[in-house]
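**Student:** For chain A, the structure is supplied; the task is to place chain B on it using the hints.
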Amino acid sequence: MSSSPPPSSAAASPSCPKKMIALRSSDGETFEIEEAAALQSKTLENMIDEDCAGTPIPLPNVTGKILAKVVEFCSKHAEPGVDDESLRAWDAEFVNVEQATVFDYILAANFLEIPTLLNLTCNVVADMIRGKTPDEIRKFFNIKSIFSPEEEEEVRRENHWAFE
Amino acid sequence: MKLNPKDRISSLPEDVIGYILSLLTLREAQATCLLSKRWRQLSTRHVTNLDYLDFDWSDLLRGMKANPEIAEKERARYVEWVDNVVHCQSGRDHTLHGFTICFDLNFSCKSHIDRWIKFALAKRVKVLHLNFEPVYKEDLIDGCLPYPLGHETIMDADVGCLQQSSDLSKVGLSPSIPWHVGFRYLEELHLKRVIVDGKLIEQLLANSPVLERLTLDDARTLNRLRVAGQSLKLKYLCVACCFDLECIEICDMDLVSFTFVGLYSLLSMDKLPQLHEVSLSGCISILRNDLPQLSSLPCLQILELEFDYSHPAHLAIPSELPKLTSVKQLKLRVGGSGDISLLPLTIVIEACPYLRSFVFEYLLDATIRVEMFSFASSFFH
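Chains as they are written, first to last, in the working numbering: chain A, 49 to 212; chain B, 1316 to 1696.
What the hints contain is simulated information worked out from the structure, not anything from laboratory work. C-beta: ideal position from N, C-alpha, C; glycine also. One thing to keep in mind: the hints can contain errors.
[Unchecked claim] Ranges between beta-carbon positions, derived for each pair:
#, chain 1, residue 1, chain 2, residue 2, range
1, A, Gln147, B, Asp1371, 25 to 33 Å
2, A, Asp175, B, Ser1611, 50 to 58 Å
3, A, Lys67, B, Ser1610, 38 to 46 Å
[To be verified] To give an idea of the chain B side of the interface with chain A (calculated C-beta under 7 Å), a few residues:
#, residue
4, Ile1324
5, Val1331
6, Leu1349
7, Trp1396
8, Ser1625
9, His1626
The shape of chain A in the complex, shown without the other chains:
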């Protein structure tokens, strides 16, 4: 069992140590996250309430690689005094990753119920869809269309307003 270094976060004053929550990924890595950051996740919020007495919360649906990034996201969004514009720029950089990673983030955000991350990542996917023809969308996302030419013609006709 390996543990990775805790994410960088605002320094806590010595007289008031910030409460840290331990999380364990599906592949056994442990991560520490400040409570304030963890509360960005409704799932974690519920689990913290149940007071699991310091044992790492197991997250079987999230790998270490993704959990590290999710922790980074939540910590950044829990940071005080960050102005909207720089946060937006940071978010844009955060999702400037390959397609597969964006989907990993979506699944993690959905499982952990992090509305800000889900919103951010779903908007990225919507942007990927926007402005493309159905053929281009299929190619981009590797969607296999099993429509026969007649079926495709039928679907096109039924919804012709969407294609004109």
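**Tutor:** Then chain B, alone, in the frame of chain A:
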């Protein structure tokens, strides 16, 4: 169903896909039906369950503008699209949050539009936008007759028929047709280029217990409007470019914001203790005719005035203005050709002794919306 493992998007949880589709326009979301069999189901389900229907097809509008010959055909396509989605949703027992139509439609589409309004009301819609602005500015005056909003559309026809029976009047019950129950839920109504008369609006206001926002833009034949009464929940009222409006009376209610764009209407405002924000666009006679009324509003903090200021308008500036002691923010938008001094306008600033912020916009030789309006209304006066 076996999915290509590289096809991550199709294997997302359904509610996540639904969320992504809701970030697209209605047409973009509908277009995903062609991606695959699964997406055909997903997209249909999404459209059927949507609670905010925004029928935005601005590309088609642009096409119409470029090609006047195909206007009727484009109108028909738009109407067919809306009919189809409305039909798709009709079977479901759910409520709508918003319903927006934005296209160059007119009297020729009346039966369809009537149906859509009844549909939206039946679904207890909260926000209803009907924007039928014509694509060609010329049509503003000479175009096809605009869509008229009539009593029969907004009454509850089914219940109405029962009560219309003369037997009821024999037993002393008034055979009045009740308003569509949908008005109980309507919070916002925005009408642009709809024929509607003042009496209907008054009745509508009286029968809409939660209506907070009302916009009447280019409401043809609207001659007189009276918005009054403690029972009204209306907070935001906007009346713009209603060429036939002779007078408008607003009184005895808790209105918070009022926007008015018009040249020849008589404005009467009284007993409006919560009115916080007023925006008036018209001609310079605003200063003489309307500003004095504003001085009696105890809560008025934000004031915006817009008018044309070219020779000889400066002669119409009153020598004195009553003090608007509660106004903290003033915005003056003035259009002109730079041939007369702006200094006389300082009288407006002086009328607001407790002003904290002042914004001045001078539109040199530019057409502000009132100019276009005055061109059009010269046909009517």
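**Student:** None of the hints should be skipped; say for each whether it holds.
**Tutor:** Against the structure, the hints come out as follows:
Range check, A:Gln147 to B:Asp1371: about 28 Å between beta-carbon atoms, so the 25 to 33 Å window is met. Take A:Asp175 and B:Ser1611: their Cβ atoms lie about 52 Å apart, and the range 50 to 58 Å holds. Between A:Lys67 and B:Ser1610 the Cβ separation comes to about 58 Å, which falls outside the hinted range of 38 to 46 Å. Taken as an interface hint, B:Ile1324 checks out: its beta carbon lies about 5 Å from the nearest beta carbon of chain A, inside 7 Å.
Annotation: B:Val1331 was flagged as interfacial toward chain A, and the flag holds, the nearest CB pair being 6 Å apart, inside 7 Å. Hint on B:Leu1349 holds. Least Cβ distance to chain A is approximately 4 Å, under the 7 Å limit. Hint on B:Trp1396 holds. Least Cβ distance to chain A is approximately 4 Å, under the 7 Å limit. With a least beta-carbon distance of about 41 Å to chain A, the hint placing B:Ser1625 at the interface is violated under the 7 Å criterion.
Taking 7 Å as the C-beta contact cut-off toward chain A, the hint placing B:His1626 at the interface is violated, the least distance being around 45 Å.
The structure shown violates the earlier hints numbered 3, 8, 9.
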